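With the hints as constraints, model all of the structure from the sequences given.
From first to last, the protein sequence lines stand for chains A and B.
Numbering-wise (this note's numbering), the first sequence opens with residue 1 and increments by one.
Numbering-wise (this note's numbering), the second sequence opens with residue 258 and increments by one.
If you're looking for bench data, these hints aren't it; they were derived computationally from the structure.
There could be a bad hint or two in this list.
[As the list claims (entries may be wrong)] Straight-line C-alpha distance at most 25 angstroms; calculated PhoX-like pairs for lysine-lysine:
(1) B:Lys271 / B:Lys260
(2) B:Lys260 / B:Lys492
(3) B:Lys271 / A:Lys245
(4) A:Lys245 / A:Lys235
(5) B:Lys336 / B:Lys490
(6) B:Lys336 / A:Lys245
(7) B:Lys269 / B:Lys492
(8) B:Lys289 / B:Lys271
(9) B:Lys492 / A:Lys235
These figures come from a predicted structure and were not determined experimentally.
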Amino acid sequence: MSRSFEAVVTENREVAVNHFRLTLAPDQEVTLPAPGQFYMLGITGGTDPLLKRPFSLFRLGKNGAINILYRVKGKATQIMTGLQPGSVLNLLGPLGNGFPNVEGKRPIIVAGGLGVAPLTALAESLRFDSPRIFVGARYAGDVLATDILSSIDSDISISTDDGSMGIQGVVTDAVNEYLASAGTSAQDHVIYGCGPRGMLRALAGLSDRYGIEGYVSLEEYMACGVGACLGCVTKTAGGYRRVCKEGPVFRIGEVIL
Amino acid sequence: MNKLETSIGALKLKNPVMTASGTFGYGEEYSKFIDLNRLGAVVVKGISLNPMEGNPVPRIYETPSGMLNAIGLQNVGLKVFIEEKLPFLRRFDTKVIVNILGNTVEEYVELARHLEEAAVDAIELNVSCPNVKKGGIAFGTDLSAMGGLVEQVRAATRIPIITKLSPNAGNIAEFARVAENAGSDAVSLINTLLGLAIDPQTRRPRLANITGGLSGPAIRPIAVRMVWEVFRKVKIPIIGMGGIMDSDNAIEFILAGATAVAVGTANFVQPDACERIVDGLECYVDENGLHSIREIVGGMII
Ligand SMILES: Cc1cc2nc3c(=O)[nH]c(=O)nc-3n(C[C@H](O)[C@H](O)[C@H](O)COP(=O)(O)OP(=O)(O)OC[C@H]3O[C@@H](n4cnc5c(N)ncnc54)[C@H](O)[C@@H]3O)c2cc1C
Ligand SMILES: Cc1cc2nc3c(=O)[nH]c(=O)nc-3n(C[C@H](O)[C@H](O)[C@H](O)COP(=O)(O)O)c2cc1C
Ligand code: FES
Numbered sequence: 001m002s003r004s005f006e007a008v009v010t011e012n013r014e015v016a017v018n019h020f021r022l023t024l025a026p027d028q029e030v031t032l033p034a035p036g037q038f039y040m041l042g043i044t045g046g047t048d049p050l051l052k053r054p055f056s057l058f059r060l061g062k063n064g065a066i067n068i069l070y071r072v073k074g075k076a077t078q079i080m081t082g083l084q085p086g087s088v089l090n091l092l093g094p095l096g097n098g099f100p101n102v103e104g105k106r107p108i109i110v111a112g113g114l115g116v117a118p119l120t121a122l123a124e125s126l127r128f129d130s131p132r133i134f135v136g137a138r139y140a141g142d143v144l145a146t147d148i149l150s151s152i153d154s155d156i157s158i159s160t161d162d163g164s165m166g167i168q169g170v171v172t173d174a175v176n177e178y179l180a181s182a183g184t185s186a187q188d189h190v191i192y193g194c195g196p197r198g199m200l201r202a203l204a205g206l207s208d209r210y211g212i213e214g215y216v217s218l219e220e221y222m223a224c225g226v227g228a229c230l231g232c233v234t235k236t237a238g239g240y241r242r243v244c245k246e247g248p249v250f251r252i253g254e255v256i257l
Numbered sequence: 258m259n260k261l262e263t264s265i266g267a268l269k270l271k272n273p274v275m276t277a278s279g280t281f282g283y284g285e286e287y288s289k290f291i292d293l294n295r296l297g298a299v300v301v302k303g304i305s306l307n308p309m310e311g312n313p314v315p316r317i318y319e320t321p322s323g324m325l326n327a328i329g330l331q332n333v334g335l336k337v338f339i340e341e342k343l344p345f346l347r348r349f350d351t352k353v354i355v356n357i358l359g360n361t362v363e364e365y366v367e368l369a370r371h372l373e374e375a376a377v378d379a380i381e382l383n384v385s386c387p388n389v390k391k392g393g394i395a396f397g398t399d400l401s402a403m404g405g406l407v408e409q410v411r412a413a414t415r416i417p418i419i420t421k422l423s424p425n426a427g428n429i430a431e432f433a434r435v436a437e438n439a440g441s442d443a444v445s446l447i448n449t450l451l452g453l454a455i456d457p458q459t460r461r462p463r464l465a466n467i468t469g470g471l472s473g474p475a476i477r478p479i480a481v482r483m484v485w486e487v488f489r490k491v492k493i494p495i496i497g498m499g500g501i502m503d504s505d506n507a508i509e510f511i512l513a514g515a516t517a518v519a520v521g522t523a524n525f526v527q528p529d530a531c532e533r534i535v536d537g538l539e540c541y542v543d544e545n546g547l548h549s550i551r552e553i554v555g556g557m558i559i
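Given below as structure tokens:
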């Protein structure tokens, strides 16, 4: 069950320019999060920034430690870079629905940019299903978490827009190539994606073309994180749905990307 | 005796703390984080006769010590509310107040009748939502339209009526007086203040609706001032709200003239904000040797 609790910062380390890994030790026994779920983080306790900020579970550490991978974006994430070991944050979670397990299918994991955050947790939990991992970024410096991903026994391919690392091109082209070469066995896969909307749209196209089931994780501006404010909705075939409550993971085909 | 007990007309509350409409869903969403039995009342998200889809996203944007929202009154509609949402709330020992909105007087009247039948404890007439074009605000910005609406709803129902006032309509105390004369049992204020934020990079508005309603601590001094102005003009009870984060903020509203208070944006920041405020009020009455919180309503010393 999700709840409100406090957690102590044990590590806050810059892992790439403007990107940090934050490790939090909850002050009490908390529900184990599922990959794809997220937390609302209270950064200051003051009124500016006022609202909590949503962050995905990046990794589950020892003794229930919560790892988060964040990019410095604005006010709150800027303040977060100054967090020292021993600082206490207020958390709400785990929230939302994680990625569903699809038995008997080989996972294709497709991460664009920071989309790698929730998908690292997923890849680690699916490590025995030999996931096929695709990571896309603008340039080499934006390729994150490959240290963890390559420790998973799986095939991983990296694409960058400028070719500064891996293949030059968009990540969904690499996915397309892989599926095309898989022939009829393409349908033995399930797609999991997180990244910019454009990438997710392209993934939905591939899911459609090859007739493969798929799931994507979405982001929207959030205030409450628990389904109360109706701020975070996204369009689906059945009308607006709350990203924090019915999502953030949606089935491709259900959500209008 | 319960020192926090108070009443809004015929509506008895175990304490003066309620949730602000639209910030607490239908109660269920927060029930994991807070004991609903400790609240004076739960005021639910605005309900219309038929479900409403609401506005496109982005619907919210944070601003200094506040937030803009343009949800557009997305709601499940009267039928689903009564059948699927109300039974859950009924399980708790707290009053249920339903915020309602319509495009016409007839719609408000029909909503009020059905909700009385469904035995809700009170209704709050939303005539002040800044985020939808039709209805709501059309009544809230026109003195005689609002008076007519309150009169018609009054004639149709015996349950307590609270009229929720807009801070965007000119002299709020005038509106309060018209609501009182038309038979409203109480007024609640303030709804959000109309605001706008623009992204300097893209030159586009931050919200899809362009403008939105400002809430949170940023609006508190305006809200407290308005409660005080209304307090001097009307005899019916006032439910004060706007940026209440803790019990000291709640006391501020009570001193300005509020009989009860509602907590909105603070729920997003601290899901148990209402409960903490009840605790804080209990301490305040004890520390100040009060027999009842009612002793200090409008008690600002000048
Ligand atoms: C379910 C979910 C999971 C997320 N997981 C991660 C993660 O693992 N790592 C990470 O770095 N970021 C993640 N984000 C995005 C992260 O929440 C924002 O980058 C962060 O809120 C920015 O706050 P700020 O004050 O620094 O930025 P500002 O731009 O100053 O924020 C202003 C407002 O915009 C909102 N906002 C800005 N960007 C986003 C965004 N992309 N999505 C939602 N709201 C936004 C903020 O919450 C705030 O209310 C996630 C978002 C969601 C919805
Ligand atoms: C996300 C959001 C949704 C709201 N929806 C409603 C609504 O449906 N009906 C209504 O009368 N007021 C609505 N309000 C206004 C609040 O009830 C309250 O009047 C206002 O937010 C000021 O209080 P606060 O500063 O404590 O939030 C909403 C406010 C917010 C922030
Ligand atoms: S963030 Fe409030 S409903 Fe999703």
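Now for the hints, and whether the structure bears them out:
1. Between Lys271 (chain B) and Lys260 (chain B), the direct Cα distance comes to roughly 9 angstroms. Compliance with the 25 angstroms bound is thereby established for this hinted pair.
2. At most 25 angstroms may separate the alpha-carbon atoms for a hinted pair to count; Lys260 (chain B) and Lys492 (chain B) meet this at roughly 22 angstroms.
3. As the CA atoms of Lys271 (chain B) and Lys245 (chain A) are separated by approximately 31 angstroms, the hinted pair breaks the 25 angstroms bound.
4. A hinted pair counts as satisfied when its Cα atoms are at most 25 angstroms apart, and Lys245 (chain A) with Lys235 (chain A) qualifies at roughly 14 angstroms.
5. Between the alpha carbons of Lys336 (chain B) and Lys490 (chain B) the distance comes to roughly 38 angstroms, so the proposed pair goes past 25 angstroms and is violated.
6. Among the hinted pairs, Lys336 (chain B) with Lys245 (chain A) is consistent with the structure: their alpha-carbon atoms are about 22 angstroms apart, no more than 25 angstroms.
7. Pair hint Lys269 (chain B) plus Lys492 (chain B) holds up; C-alpha atoms about 17 angstroms apart against a cutoff of 25 angstroms.
8. Taking the CA atoms of Lys289 (chain B) and Lys271 (chain B), the gap is near 21 angstroms; set against the 25 angstroms cutoff, the hint holds.
9. Our distance criterion of 25 angstroms between C-alpha atoms is broken by Lys492 (chain B) and Lys235 (chain A), whose separation comes to about 46 angstroms.
When each numbered hint is compared with the structure, violations occur for hints 3, 5, 9.
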